[in-house]
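Enquirer: Chain order of the listed sequences is B and Y.
Using the numbering used here, the first residue of the first sequence is number 1, and each one after it goes up by one.
Using the numbering used here, the first residue of the second sequence is number 1, and each one after it goes up by one.
Worth flagging that the hints you see were computed from the coordinates, not collected in a lab.
Watch out, some of these pointers could steer you wrong.
[Claimed, not checked] Partial chain Y-side listing against chain B, Cβ under 8 Å, derived:
1) Phe134
2) Ser138
3) Thr153
4) Glu156
5) Ser165
6) Lys169
In this text, all values refer to a predicted model and were calculated from it rather than measured experimentally.
Ideal placement from N, C-alpha and C gives every residue a C-beta, glycine not left out.
Protein chains: 2
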Amino acid sequence: MENSLILIVEDEPKLAQLLREYLEQANFRTHVIGSGLDVVPWVESNIPALILLDIMLPGKDGMAICREIRTFSQVPIIMVTARVEEIDRLLGLELGADDYICKPFSPREAVARVKAVLRRVRLQESGGLEQDVFHIDSEKYQASYHGRQLGLTVVEFRLLRKLLSRRGKVFSRDQLLDQLYDDHRIVNQRTIDTHVKNLRKKLEEIAPGENAIRAVYGVGYKIDI
Amino acid sequence: MENSLILIVEDEPKLAQLLREYLEQANFRTHVIGSGLDVVPWVESNIPALILLDIMLPGKDGMAICREIRTFSQVPIIMVTARVEEIDRLLGLELGADDYICKPFSPREAVARVKAVLRRVRLQESGGLEQDVFHIDSEKYQASYHGRQLGLTVVEFRLLRKLLSRRGKVFSRDQLLDQLYDDHRIVNQRTIDTHVKNLRKKLEEIAPGENAIRAVYGVGYKIDI
DNA sequence: TGACAATATGAACATATTATGAAGTTTTTC
DNA sequence: GAAAAACTTCATAATATGTTCATATTGTCA
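Build the full structure now, drawing on both the sequences and the hints.
Expert: In structure tokens form, the structure reads like this:
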């Protein structure tokens, strides 16, 4: 099943070695890079299944690398940060990473995260979740819920798509608004509430009481099923 | 297991001798230094497993020494102070010490603290052989405890995350309040007590009697498991 | 030990956030 | 260009959360 290639970008040799050992014990192949400058060229010519990317690096920092990789590849990336507080900032930047781990972490946890992300990605790749209640067709701008077609407006569709892009993740209203428009118009944050209300109404008609969209007080909305 | 070298920096000979005896009885090796001026050179050429550092010293004070050591080493440091009130000040200075003991202390307590700090540091270095009871996901704003999901509010979540960011470290109420808000609102310090109370209640439901969050009299709170 | 200070806790109080219906705007459709 | 649909804003109700307060309990230190 495994045997996938994991790229470890980490300048601290001891930690890199530790990760390598644990990952290989879990039957992954690994490659370690210690300098930020070498990462992008390597990723371009090799194709790792996942990248563990430390954010503090000599040469070029992890954020820049993540952004650059995202211009040409959708390879799963797990960011490693030194401070918990930093994760908040990173989330705001929308780098496109798939998960975040905070130092110090146990190698066991790291391996678990790697597996979780891979599982998620593979599920998506294998043609959308089989028994998923949601199905999204970005080309046709159509979405279905429990097998039944939802008649969504464009804004509602984009809102739902954004929320579904990361199940469980809490999106701030600002993050959601960004996704809704191509131009950068300024609209009232409360507008989101109204779209959520309308979207909920349509979901409710199909599956009453499921409460797919939940508000997280003081933060934003998430999809929680 | 032990046999680690503990550096005791203490100018009062009687106390130094007492500590030495107790620590050696617990199978540590010790070295005593009575003057502040001799500490840094000694630490540079020897490598203690931990330093017990009195803050009031002839020659050079403990704070300056701690700061200086931190420029070249991450060796665990336990600061020894004469008064509880002082710990508060020390915390604000962010010296990078790992724990604080207040005089007068029982040698037994000192040994316990030394062991606790060493255990913690080793756990971190070795990548944690123990399965962590806490797991937090900043993206989903979800935290689990002993594998079970905690339904935390945002403030509670941030509070827990901050406490967890450095296990064992004591955080003052001010430090904790800073983490709780993006804006710089002014709230009563006692507010933290209430949030801690609520958080404890939720932890208690999962693991009664574990007392994960401890109050440190006159200073603040820490997580100590 | 006794005086004092800090923490714990339940309840009252205050605030902030979300939900919702409706009205006002803009955009699309015919 | 009128009507319909979609979008945004607004006002207010409902609710969740945060804060303070008063008192009991516990810890510290002389």
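Enquirer: Grab the minimum C-beta distance from Lys169 of chain Y to chain B and call the hint holds if it beats 8 Å, violated otherwise.
Expert: violated, 13 Å
Enquirer: So, as I understand it, the hint says Ser138 of chain Y touches chain B; can you test that by seeing if any CB pair is closer than 8 Å?
Expert: holds, 5 Å
Enquirer: Please check whether Phe134 of chain Y passes as an interface residue: C-beta within 8 Å of a C-beta belonging to chain B.
Expert: violated, 11 Å
Enquirer: Quick check on Ser165 of chain Y please, does its C-beta sit within 8 Å of some C-beta on chain B?
Expert: holds, 5 Å
Enquirer: Interface hint check: Glu156 of chain Y, Cβ to nearest Cβ on chain B, cutoff 8 Å. Holds or violated?
Expert: violated, 11 Å
Enquirer: Answer holds if the nearest beta-carbon of chain B is closer than 8 Å to that of Thr153 of chain Y; otherwise answer violated.
Expert: holds, 7 Å
Comparing the model with each earlier hint shows violations of hints 1, 4, 6; every other hint is respected.
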